[in-house]
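A.B. asks: Join the two chains, each given in its own frame, into one complex according to the hints.
Chains A and B supply the protein sequences, listed in that same order.
Whatever position you read off the first sequence (first residue = 1), add 10 for this note's numbering.
Whatever position you read off the second sequence (first residue = 1), add 53 for this note's numbering.
Source of the hints: derived by calculation from the structure; they are not laboratory data.
Being a predicted model, the structure only gives us computed values, none of them experimental.
Check the hints yourself; a few may be wrong.
Chain A residues, not near chain B, derived (Cβ > 12 Å throughout) [to be verified]:
hint, residue
1, 85
2, 89
3, 96
Partial list, computed: chain A residues near chain B (C-beta under 8 Å) [claimed, not checked]:
hint, residue
4, 63
5, 79
6, 94
7, 98
8, 113
9, 118
Virtual Cβ for every residue (Gly too), placed ideally from N, Cα, C.
One-letter residues, chain by chain:
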Amino acid sequence: DSGVTQTPKHLITATGQRVTLRCSPRSGDLSVYWYQQSLDQGLQFLIQYYNGEERAKGNILERFSAQQFPDLHSELNLSSLELGDSALYFCASSVGGTGFYEQYFGPGTRLTVT
Amino acid sequence: AQTVTQSQPEMSVQEAETVTLSCTYDTSESDYYLFWYKQPPSRQMILVIRQEAYKQQNATENRFSVNFQKAAKSFSLKISDSQLGDAAMYFCAYRSAGAQKLVFGQGTRLTINP
Numbered sequence: 011d012s013g014v015t016q017t018p019k020h021l022i023t024a025t026g027q028r029v030t031l032r033c034s035p036r037s038g039d040l041s042v043y044w045y046q047q048s049l050d051q052g053l054q055f056l057i058q059y060y061n062g063e064e065r066a067k068g069n070i071l072e073r074f075s076a077q078q079f080p081d082l083h084s085e086l087n088l089s090s091l092e093l094g095d096s097a098l099y100f101c102a103s104s105v106g107g108t109g110f111y112e113q114y115f116g117p118g119t120r121l122t123v124t
Numbered sequence: 054a055q056t057v058t059q060s061q062p063e064m065s066v067q068e069a070e071t072v073t074l075s076c077t078y079d080t081s082e083s084d085y086y087l088f089w090y091k092q093p094p095s096r097q098m099i100l101v102i103r104q105e106a107y108k109q110q111n112a113t114e115n116r117f118s119v120n121f122q123k124a125a126k127s128f129s130l131k132i133s134d135s136q137l138g139d140a141a142m143y144f145c146a147y148r149s150a151g152a153q154k155l156v157f158g159q160g161t162r163l164t165i166n167p
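Okay, chain B solo, but in the shape it has when bound (with noise of 0.2 Å):
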């Protein structure tokens, strides 16, 4: 069974600074979808930024971009000036191309300081 591992509960960073959040995943497939969420205290589920398996470029999407390392399995998140709206919880997500269900990581706690 795929598995999805963010080894940080908790990351804080200042305002306009930059933060790197990390998951790594374990699967013995080879075509996937990796996705970044965002949890905010409204609990609302937002899509962040996906990446294919198969793309070798890294996906971005205005302030936030991913670093994909598909042999060392790993998709960490950077957020480029962090603002206060980015606090947030952030969960790592896995699919594989065949199936259906969202595998998820344990979560990360952002929060910006001013």
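In isolation and in its complexed conformation, chain A is listed as follows (with noise of 0.2 Å):
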């Protein structure tokens, strides 16, 4: 157990729908990573968050966006959703937002479109 949670584990919906995933960080980490695994484009980085603050942009659709709150849970919120948005979306924590830290990957979040 990495200590990183995220809801929920299965999310089944339908193509033009909305998706909010939610993610709690380890305890202390302060930064939160949201990661992409599709059998088309592997792993793929999307967006951090460090304390609140967005700090790294990757290949992140327009229709998705992410956010960190006061407590620093992280939220990936997908719209208009698409049958190649099925994939699963990994939270990953860690302490600082440079550095040589770990990053600590949750249980992740499969969504399939339909």
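C.D. replies: In structure tokens, the structure reads:
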């Protein structure tokens, strides 16, 4: 158990819908990262927040957005869902934003868009 | 942009034997970190071993060790005395010292034959 929690574990929804994935980092970690794992694209970095502020952006679609709240939990919002958005979405956390900090991964949320 | 290549989509090894997984990366930076992650059927991403590029000594963690060749941009993982529990997808990952995101290879599926 990495100490990072993600809810829900599974999500099935229809095209065009909007969903919210939630992540709670390990106690004491200030950074939260979101990754997408799909068969087509492999594991891709989406976005990172550090202590409530966006720090880095990867290949995140405009239909996707994220935020980190004062209690440091984070939410990834996916809207106008398409079949191709079906994937495993991981949240990871680390103590710092840069430097040799390990990123600890949560168990992931499996999103299926039908 | 940095890229990570794992040229072996699948590998298999007999239980108790040794196996080496290959990874090469492309970067123009001199300061970075390299990682091997394990993803068992549970889908949890587990950090196996990590290496700082400025360290010439190869990292070891129990039965896991790496062969880091900075000039060749190669970072292979050796698993000694393979166990059934080692069966998983293994991902090589790169992170620039000044950046946040992990860049992953496509993964190698390792099968352990009893």
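A.B. asks: Work down the list of hints and note, for each, if the structure agrees.
C.D. replies: Status of the hints after comparison with the structure:
1. 85: Since the minimum Cβ distance to chain B is about 19 Å, residue 85 of chain A lies beyond 12 Å and the statement holds.
2. 89: Residue 89 of chain A clear of chain B: closest Cβ-Cβ about 23 Å, beyond 12 Å.
3. 96: Residue 96 of chain A is indeed farther than 12 Å from all Cβ atoms of chain B, at 14 Å.
4. 63: Nearest chain B Cβ about 12 Å off; hint violated.
5. 79: For residue 79 of chain A, the interface hint is violated, since the closest Cβ of chain B sits about 19 Å away, which is over 8 Å.
6. 94: Because about 18 Å separates residue 94 of chain A from the closest Cβ in chain B, which is outside the 8 Å limit, the hint is violated.
7. 98: Holds - the Cβ of residue 98 of chain A comes within 8 Å of chain B, reaching about 6 Å at its closest.
8. 113: 6 Å, holds
9. 118: With a minimum Cβ separation of about 6 Å from chain B (threshold 8 Å), the hint on residue 118 of chain A holds.
Of the numbered hints listed earlier, those contradicted by the structure are 4, 5 and 6.
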